[in-house]
Amino acid sequence: TQLLEQSPQFLSIQEGENLTVYCNSSSVFSSLQWYRQEPGEGPVLLVTVVTGGEVKKLKRLTFQFGDARKDSSLHITAAQTGDTGLYLCAGRGPWGKLQFGAGTQVVVTP
Amino acid sequence: NAGVTQTPKFQVLKTGQSMTLQCAQDMNHNSMYWYRQDPGMGLRLIYYSASEGTTDKGEVPNGYNVSRLNKREFSLRLESAAPSQTSVYFCASSTTGGWISNQPQHFGDGTRLSIL
Numbered sequence: 001t002q003l004l005e006q007s008p009q010f011l012s013i014q015e016g017e018n019l020t021v022y023c024n025s026s027s028v029f030s031s032l033q034w035y036r037q038e039p040g041e042g043p044v045l046l047v048t049v050v051t052g053g054e055v056k057k058l059k060r061l062t063f064q065f066g067d068a069r070k071d072s073s074l075h076i077t078a079a080q081t082g083d084t085g086l087y088l089c090a091g092r093g094p095w096g097k098l099q100f101g102a103g104t105q106v107v108v109t110p
Numbered sequence: 001n002a003g004v005t006q007t008p009k010f011q012v013l014k015t016g017q018s019m020t021l022q023c024a025q026d027m028n029h030n031s032m033y034w035y036r037q038d039p040g041m042g043l044r045l046i047y048y049s050a051s052e053g054t055t056d057k058g059e060v061p062n063g064y065n066v067s068r069l070n071k072r073e074f075s076l077r078l079e080s081a082a083p084s085q086t087s088v089y090f091c092a093s094s095t096t097g098g099w100i101s102n103q104p105q106h107f108g109d110g111t112r113l114s115i116l
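Heads up: the protein sequence lines correspond to chains D and W, in order.
Going by the working numbering, the first residue of the first sequence is number 1, and it counts up by one from there.
Going by the working numbering, the first residue of the second sequence is number 1, and it counts up by one from there.
So here's chain W without its partners, still in its complex pose (with noise of 0.2 Å):
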């Protein structure tokens, strides 16, 4: 079962250099999110996207673009890598109703991005 496919699982970028977050969902899921989670803070939501062809930020989405490229995908950017985006980044799933419903999020295993 892949559920939730997320890469790289690993980078390291210097300041100023920018990349792009692949994430990918078999669930035929409605909703996907992207979350950071770093010591002490728990997980923050950067960007969600509730259903094909929309998406919204979250609580900390500056520094970040998201692209929902089909019902499988979404997909995360960082322009100009900054040294205060090093995290661990999350990519969620769920099924329907986004934020409505008591659905339970399916989460990727992460991607550990440094940024020198």
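Same shape as in the complex, but just chain D (with noise of 0.2 Å):
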């Protein structure tokens, strides 16, 4: 059973456009992780939201970390393609162990 759901498992998008890739759980969180991963790589941090409702940005993206700590977005503005990849969200829980999404596979074309 995925602790973790992401939403859509894969979105194709022009470059230019907007995205937003989401990450919901029943559980609560103390902590959530997103992470890209490149095709022959391991995954890559790009960000760590610890507090309800916080909202963080990494130039053209943007992280928010739900109210109640048992979801979160990832919203990309105006897309590139060096944005095209496997995103994954992993939330600590209570118990202290990470738990990973399955990912959502992000293509951008030109």
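FYI, nobody ran anything at the bench for these hints, they're computed from the structure.
Yeah, the Cβ is synthetic: ideal placement off N, Cα and C, and Gly gets one too.
Among these hints, one or two may not hold up.
[As the list claims (entries may be wrong)] In silico contact screen, one side only, chain W against chain D (beta carbon under 8 Å); selected entries:
#1 Gly42
#2 Asn102
#3 Gly108
[To be verified] The following residues of chain W were derived to be distant from chain D, with all beta-carbon distances above 12 Å:
#4 Asn70
#5 Leu113
#6 Leu116
With the hints as a guide, bring the two chains together.
If you want it as structure tokens, here you go:
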């Protein structure tokens, strides 16, 4: 059973468009991390959100942690081909272990 | 910057064969992890080592063993490989605090393992 549900599973957009990826759970997390993974490589951390309602911006990427700390979203503005990759959310539960979602594959075409 | 190095990058085994996946980090991290990644399943934790000298089971430990050889190295062994163990295996490390801290996990580039 996947504790963290990511949607959509796959997203294909053109350069310049906006996109949002969602990460949802019925469990409360003490923190949540977003990673990006490119083909043939391991995931790389993008951001960690800790406080309910927190919003963090990383250039064109905006991350939000839900008020109840059960969900999160990643919004990309004016997507570029370099944003192509697998986006993974990972929540840290009360027992301390990190749980990963299945990921959202984002493809940005020129 | 080497970071986390995994060997081999690719391996094909026959059912019943054994092998060891190697992982080394040069960041002086205390905690190390082994994950497997399967399509539609995300990353699932196999074993972890919160600090040198300790190892604990993760979500999917059956069929695997680990050894924390020293602070730098953490190996994963398949004693009798099964087709269900066909996957991409990732090693990761983090600074300290293991599960309590919000430290990022640094991943290697993975070992692609096929078992026929």
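So Leu113/W supposedly isn't at the interface. Is its beta-carbon more than 12 Å from every beta-carbon in chain D? The claim holds: Leu113/W sits with its nearest Cβ about 15 Å from chain D, beyond 12 Å.
If I take the minimum Cβ distance from Leu116/W to any residue of chain D, is it greater than 12 Å? holds, 22 Å
> Would you say Asn70/W is clear of chain D, with no C-beta pair closer than or equal to 12 Å?
Replying inline: holds, 22 Å
Note to self: Using the nearest Cβ pair, does Gly108/W come within less than 8 Å of chain D?
What the structure shows: holds, 5 Å
If you take the shortest Cβ to Cβ gap from Asn102/W to chain D, is it below 8 Å?
At 5 Å from the nearest chain D Cβ, Asn102/W passes the 8 Å test, so the hint holds.
query: Regarding the hint that Gly42/W lies at the interface with chain D, is the smallest CB-CB distance below 8 Å?
result: Hint holds; Gly42/W Cβ to chain D Cβ min 4 Å, cut 8 Å.
Of the numbered hints given earlier, the model fails none.
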